[in-house]
Amino acid sequence: MREGWEMLKVEDICEILDAQRKPVSKKDRRVGCYPYYGATGIQDYVDAYIFDGRYLLVGEDGAKWGASDKTAFMVEGKCWVNNHAHILKINKKVIDTYVEYYLTFKDLNEYITGAIVPKLTQQALRNIPIPVPPLSEQERIVAELDCLSSVIEKQKELLKELDNLAQSTFYTMFGDPITNEKGWEVKKLGEICYSELGKMLDTKKNTGTLHPYLCALNVQWGTFNLDIIKEMKIEEEDLERYEVKKGDLLICEGGDTGRCAIWNNDDIIYYQNSLHRVRFAKEYMLPIVCQYIMLHYKKQGEIDKYSTGQTIKHLVKKSLLTIPFPIAPLSLQQEFASKIEAIEKQKELIKQSIAETETLFNSRMDYYFN
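Per this note's numbering, the sequence shown starts with residue 1, numbered consecutively.
No lab work stands behind these hints: they were computed from the structure.
Treat the hints loosely; a few may be bogus.
Claimed, not checked - FRET-style restraints, in silico, Cβ to Cβ:
| # | residue 1 | residue 2 | range |
| --- | --- | --- | --- |
| 1 | Lys-92 | Ser-25 | 34 to 42 Å |
| 2 | Lys-245 | Asn-83 | 25 to 33 Å |
| 3 | Ser-25 | Thr-223 | 34 to 42 Å |
| 4 | Glu-240 | Tyr-367 | 34 to 42 Å |
| 5 | Ser-25 | Glu-191 | 44 to 52 Å |
| 6 | Gly-32 | Glu-191 | 49 to 57 Å |
What the hints assert, rightly or not - Here are the simulated DMTMM-like pairs of lysine to aspartate or glutamate, each with C-alpha atoms no more than 25 Å apart in a straight line:
| # | residue 1 | residue 2 |
| --- | --- | --- |
| 7 | Lys-245 | Glu-235 |
| 8 | Lys-245 | Asp-107 |
| 9 | Lys-246 | Glu-235 |
| 10 | Lys-298 | Glu-335 |
| 11 | Lys-199 | Asp-248 |
| 12 | Lys-93 | Asp-18 |
| 13 | Lys-318 | Glu-283 |
| 14 | Lys-92 | Glu-6 |
| 15 | Lys-204 | Glu-236 |
| 16 | Lys-182 | Glu-6 |
| 17 | Lys-70 | Asp-107 |
| 18 | Lys-298 | Glu-196 |
Yeah, the Cβ is synthetic: ideal placement off N, Cα and C, and Gly gets one too.
With the sequences and hints as input, model every part of the structure.
Below you can see the structure in the form of structure tokens.
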């Protein structure tokens, strides 16, 4: 322990107001302007409030409590809190934001009980130890972490602005593809591309050697989440059939139907049958244009017209290939692709900056709290 610091428990530095919480079922809530909080943040907006002030909420159940999870979050003003989040009123001895940073940093899983429904009980919360420095040191730590947090948030806002610029560029150049206000020739997707579903997963029937593959969870709008890459067995003669090549557009067949991204990676990878792999005839359409049209169709509910299923939606190959696309002049598509490429380069620089700032932020959290 650093000189001048003291080890206190949560119960020593705050009042826990759980007794004042009140759950309201969704059918009984009346829509209003006051945020209705649960374990992970705002769940709804209601017409009444039970708290008015500045409080620290900590997930009781229905949350995650690892060091990388948002375990605690500050709320301010009039609000309603249900019984899935503890509500803490921090006393003047400790800055509430300091406690928020500490509980966000700390892995609380050792305090979680319950095999079926994991839970951070009030008693366990009360006994969580918190290293507390003198008030002036708290202020300095909070100021530094606030500064880094602000930089990260501003960088993320820049990413959103660039995404908005890309969308605006699309509408300026192509108009609304549903109404086809530019009057271009319209063709069905099946007329301008070659599409095939990926390999079916069947642990009993699949043979061959293990290879990495993409599934629907990896495909986000316009990008890929490669944090978790699974492997499946593929026979040598099927490798070419199920390989994803640079420039392929991958479209989700199930769940969030139509969600798609272009694979621009040189790594060798394959794909599973939750995805359509689309390769275009270059004289008709560039993949990036199709991606933006699909995003517009999704926002406007057009993709749902081609999807089947009540609980889990599916966009089967036959339906996918009947979706109509206005065919803009190739020169215009190429101009759009160049503009998007420039925007994406700017986004990559910002993402790199965010990663570097987050690394610095985490190292400072580790320095102060570990």
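We went through each hint and held it up to the structure:
no.: 1; hint: Lys-92 to Ser-25: 34 to 42 Å; verdict: 37 Å, holds
no.: 2; hint: Lys-245 to Asn-83: 25 to 33 Å; verdict: 52 Å, violated
no.: 3; hint: Ser-25 to Thr-223: 34 to 42 Å; verdict: 37 Å, holds
no.: 4; hint: Glu-240 to Tyr-367: 34 to 42 Å; verdict: 51 Å, violated
no.: 5; hint: Ser-25 to Glu-191: 44 to 52 Å; verdict: 50 Å, holds
no.: 6; hint: Gly-32 to Glu-191: 49 to 57 Å; verdict: 51 Å, holds
no.: 7; hint: Lys-245 to Glu-235; verdict: 18 Å, holds
no.: 8; hint: Lys-245 to Asp-107; verdict: 40 Å, violated
no.: 9; hint: Lys-246 to Glu-235; verdict: 22 Å, holds
no.: 10; hint: Lys-298 to Glu-335; verdict: 24 Å, holds
no.: 11; hint: Lys-199 to Asp-248; verdict: 16 Å, holds
no.: 12; hint: Lys-93 to Asp-18; verdict: 21 Å, holds
no.: 13; hint: Lys-318 to Glu-283; verdict: 23 Å, holds
no.: 14; hint: Lys-92 to Glu-6; verdict: 15 Å, holds
no.: 15; hint: Lys-204 to Glu-236; verdict: 18 Å, holds
no.: 16; hint: Lys-182 to Glu-6; verdict: 69 Å, violated
no.: 17; hint: Lys-70 to Asp-107; verdict: 10 Å, holds
no.: 18; hint: Lys-298 to Glu-196; verdict: 21 Å, holds
The structure fails to meet hints 2, 4, 8 and 16 from the earlier list, while all remaining hints are met.
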